[in-house]
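Each residue of the sequence shown is one higher than the last, beginning at 10 in the working numbering.
Hints were generated in silico from the structure; no laboratory data involved.
Please note that the accuracy of each hint is not assured.
Across the chosen pairs, the derived CB separations fall in these ranges [unchecked claim]:
1) Glu125 x Gln34: 52 to 58 Å
2) Asn182 x Asp263: 32 to 38 Å
3) Thr158 x Trp245: 48 to 54 Å
4) Gln128 x Asn235: 24 to 30 Å
5) Pro27 x Lys292: 55 to 61 Å
6) Arg150 x Gln128: 18 to 24 Å
7) Gln323 x Arg150: 31 to 37 Å
8) Leu302 x Gly213: 28 to 34 Å
9) Asp318 x Gln148: 33 to 39 Å
10) Glu45 x Leu122: 41 to 47 Å
11) Asp157 x Lys298: 42 to 48 Å
12) Lys310 x Gly138: 58 to 64 Å
13) Thr256 x Asn182: 24 to 30 Å
14) Ala230 x Lys257: 19 to 25 Å
With a straight-line Cα cutoff of 30 Å, these simulated DSS-like cross-link-like pairs (lysine-lysine) come out [said to hold, decoys possible]:
15) Lys211 x Lys178
16) Lys189 x Lys214
17) Lys314 x Lys292
18) Lys310 x Lys292
19) Lys271 x Lys127
20) Lys291 x Lys172
21) Lys211 x Lys292
22) Lys257 x Lys140
23) Lys214 x Lys307
24) Lys257 x Lys214
25) Lys257 x Lys178
26) Lys291 x Lys271
27) Lys127 x Lys153
28) Lys240 x Lys271
29) Lys310 x Lys298
30) Lys298 x Lys140
31) Lys166 x Lys153
32) Lys257 x Lys127
33) Lys153 x Lys172
34) Lys211 x Lys271
35) Lys292 x Lys271
36) Lys307 x Lys271
37) Lys189 x Lys172
All residues carry an ideal CB built from backbone N, CA and C; glycine is no exception.
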Amino acid sequence: MKDNLTFQNIILNHFNAPDDEILAQQVAELRQTSEENEKTFQETKTIWDAAAQTKRLHELDYTQSIRNFRGKLVHSESPETRPFGWLKLAVAVAVITAAGIFFYPRDIKPVELSRETKQQIDSVYLNDGTKVILAANSQIRYPKVLSDTGRLVTLVKGQAFFKVHRDVKRSFNVLIGQSKVTVLGTSFNINYHNSSIQLAVKTGKVMFSPNAVSSSAILVAGQAINYNLSKNRLEWENSSNSTSWITKELVFVDMPLEEVCKQISAYYNVNVVVHDTMHSAKKFNANFKDSTLDEILKVLKQTYKIKIDTSDHQITIRNL
Numbered sequence: 010m011k012d013n014l015t016f017q018n019i020i021l022n023h024f025n026a027p028d029d030e031i032l033a034q035q036v037a038e039l040r041q042t043s044e045e046n047e048k049t050f051q052e053t054k055t056i057w058d059a060a061a062q063t064k065r066l067h068e069l070d071y072t073q074s075i076r077n078f079r080g081k082l083v084h085s086e087s088p089e090t091r092p093f094g095w096l097k098l099a100v101a102v103a104v105i106t107a108a109g110i111f112f113y114p115r116d117i118k119p120v121e122l123s124r125e126t127k128q129q130i131d132s133v134y135l136n137d138g139t140k141v142i143l144a145a146n147s148q149i150r151y152p153k154v155l156s157d158t159g160r161l162v163t164l165v166k167g168q169a170f171f172k173v174h175r176d177v178k179r180s181f182n183v184l185i186g187q188s189k190v191t192v193l194g195t196s197f198n199i200n201y202h203n204s205s206i207q208l209a210v211k212t213g214k215v216m217f218s219p220n221a222v223s224s225s226a227i228l229v230a231g232q233a234i235n236y237n238l239s240k241n242r243l244e245w246e247n248s249s250n251s252t253s254w255i256t257k258e259l260v261f262v263d264m265p266l267e268e269v270c271k272q273i274s275a276y277y278n279v280n281v282v283v284h285d286t287m288h289s290a291k292k293f294n295a296n297f298k299d300s301t302l303d304e305i306l307k308v309l310k311q312t313y314k315i316k317i318d319t320s321d322h323q324i325t326i327r328n329l
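Full structure from sequences and hints, please.
So, in structure tokens, the structure goes:
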């Protein structure tokens, strides 16, 4: 019996990892050692194939399932009963266990994980192959194993860039408060604060649903929106530099000075105020890599006829 159970474990491990050449070779050799082993393999394979739709055999602790079953079993075998008959029954119980009928609750709650950053950038890889890059002071919650019917994560706070693994059978959803972003396979950036949600699409297409009653918006690559939470208002934005916090690069192409100041404010986390009377038709073109705020302000002063006043966390720009 012990030898059969050991071979049974090897077979199950092989079925769970069919690309493992070492396991495959081990199973092939053991099948050839006896007719009993070959029969064990064939009957286990039949049960495995029949239970394929449960999709939970990878979670099964086969040995523990046998122990649990043995404790409940009332032995009533006749002397003529073959040991393998009991093993076959145990395997069937193990399969039922994997399906969540005996030892697993049907409505078992998925294990949920959380990742929170402080002053650093960090990455999270979901089990479907999706990569999430978290900015500093951000938090995400996600299931350890994504559902077979849909993929759902929650951006609790802060900013994150999602590179979603494409799966046409399962949409990928990000909850942000009462709002939701839905995609199949794409890359996009979300910046979530108390007052607003900023969404910028790098590749593919996404759908943004502000809340349960408002109309959804479809965004494609290169588009961005800013959703004001308190006013329930959605505005389209320039998507440039949405991932500058990852690349450490700011790129401005034919950009109005007011928009330049807005993006500088977001990147350096400072309040940049442009004086009401200031107007400039000249567009700004520049590329900054790992530059300081002072270096960018110096270039602005050289490009425009402006005066820049700096105090604590506020920068005021006005005409000379």
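Structure-based check of all given hints:
1. The hinted window of 52 to 58 Å between Glu125 and Gln34 is violated, with their beta carbons roughly 44 Å apart.
2. A hinted range of 32 to 38 Å for the beta carbons of Asn182 and Asp263 is consistent with their spacing of about 35 Å.
3. Separated by about 32 Å at the C-beta atoms, Thr158 and Trp245 break the suggested range of 48 to 54 Å.
4. Separation of Gln128 from Asn235 is about 25 Å and conforms to the stated range, judged on CB atoms against 24 to 30 Å.
5. Checked against the hint of 55 to 61 Å, the C-beta distance between Pro27 and Lys292 comes to roughly 58 Å, which is consistent with it.
6. Roughly 20 Å separates the CB atoms of Arg150 and Gln128, a value that falls within the hinted 18 to 24 Å.
7. Checked against the hint of 31 to 37 Å, the pair Gln323 and Arg150 passes, with Cβ atoms roughly 35 Å apart.
8. In this structure the hint that Leu302 and Gly213 lie 28 to 34 Å apart at CB holds, the actual value being about 33 Å.
9. Between Asp318 and Gln148 the beta carbon distance is about 36 Å. The supplied range of 33 to 39 Å therefore holds.
10. At about 44 Å, the beta-carbon gap between Glu45 and Leu122 stays in the expected band of 41 to 47 Å.
11. The supplied range of 42 to 48 Å is met by Asp157 and Lys298, whose beta-carbon atoms lie about 43 Å from each other.
12. A hinted range of 58 to 64 Å for the beta carbons of Lys310 and Gly138 is inconsistent with their spacing of about 47 Å.
13. For Thr256 paired with Asn182, a C-beta distance near 26 Å keeps the hint of 24 to 30 Å intact.
14. For Ala230 paired with Lys257, a C-beta distance near 22 Å keeps the hint of 19 to 25 Å intact.
15. Taken as a hint, the Lys211 and Lys178 pair is honoured in the structure, with Cα atoms around 22 Å apart against an allowance of 30 Å.
16. Distance check on the hinted pair: Lys189 and Lys214 sit about 14 Å apart at the alpha-carbon level, within 30 Å; holds.
17. A hinted pair counts as satisfied when its Cα atoms are at most 30 Å apart, and Lys314 with Lys292 qualifies at roughly 13 Å.
18. Proposed proximity of Lys310 and Lys292 is supported: the alpha carbons are some 14 Å apart, at most 30 Å.
19. Of the supplied pair hints, the one linking Lys271 and Lys127 holds, its CA atoms being roughly 24 Å apart against a limit of 30 Å.
20. Note on Lys291 and Lys172: the hinted pairing is violated, with a Cα-Cα distance of about 36 Å set against a maximum of 30 Å.
21. Between Lys211 and Lys292 the alpha-carbon distance is near 23 Å, which keeps this suggested pair within the 30 Å criterion.
22. Between Lys257 and Lys140 the CA atoms are separated by roughly 19 Å; this keeps the pair inside 30 Å, and the hint holds.
23. Of the pairs offered as hints, the one joining Lys214 and Lys307 is violated, with about 38 Å between alpha carbons and a cut-off of 30 Å exceeded.
24. For the proposed pair Lys257 and Lys214, the alpha carbon gap of about 25 Å is at most 30 Å, so the pair holds.
25. A C-alpha spacing of about 35 Å is found between Lys257 and Lys178, which places the hinted pair above 30 Å, so the restraint is violated.
26. Between Lys291 and Lys271 the alpha-carbon distance is near 16 Å, which keeps this suggested pair within the 30 Å criterion.
27. Restraint check for Lys127 and Lys153: the C-alpha separation of about 22 Å stays at or below 30 Å, so the hint holds.
28. At roughly 20 Å between alpha-carbon atoms, Lys240 and Lys271 fall within 30 Å of each other, so this suggested pair holds.
29. For the hint pairing Lys310 with Lys298, the CA-to-CA distance comes to about 19 Å; that is within 30 Å, so the pair holds.
30. Restraint check for Lys298 and Lys140: the C-alpha separation of about 24 Å stays at or below 30 Å, so the hint holds.
31. For a cut-off of 30 Å, the pair hint linking Lys166 to Lys153 stands: about 19 Å separates their Cα positions.
32. Straight-line distance between C-alpha atoms of Lys257 and Lys127 comes to about 18 Å, which keeps the hinted pair within the 30 Å bound.
33. This hinted pair checks out: Lys153 and Lys172 have alpha carbons roughly 18 Å apart, not beyond 30 Å.
34. Between the alpha carbons of Lys211 and Lys271 the distance comes to roughly 20 Å, so the proposed pair stays at or under 30 Å and holds.
35. Restraint check: the Cα-Cα separation between Lys292 and Lys271 comes to about 14 Å, which is no more than 30 Å; the hinted pair holds.
36. Proposed proximity of Lys307 and Lys271 is supported: the alpha carbons are some 17 Å apart, at most 30 Å.
37. As the CA atoms of Lys189 and Lys172 are separated by approximately 16 Å, the hinted pair is consistent with the 30 Å bound.
In the structure shown, a violation is registered for the earlier hints numbered 1, 3, 12, 20, 23, 25, in ascending order.
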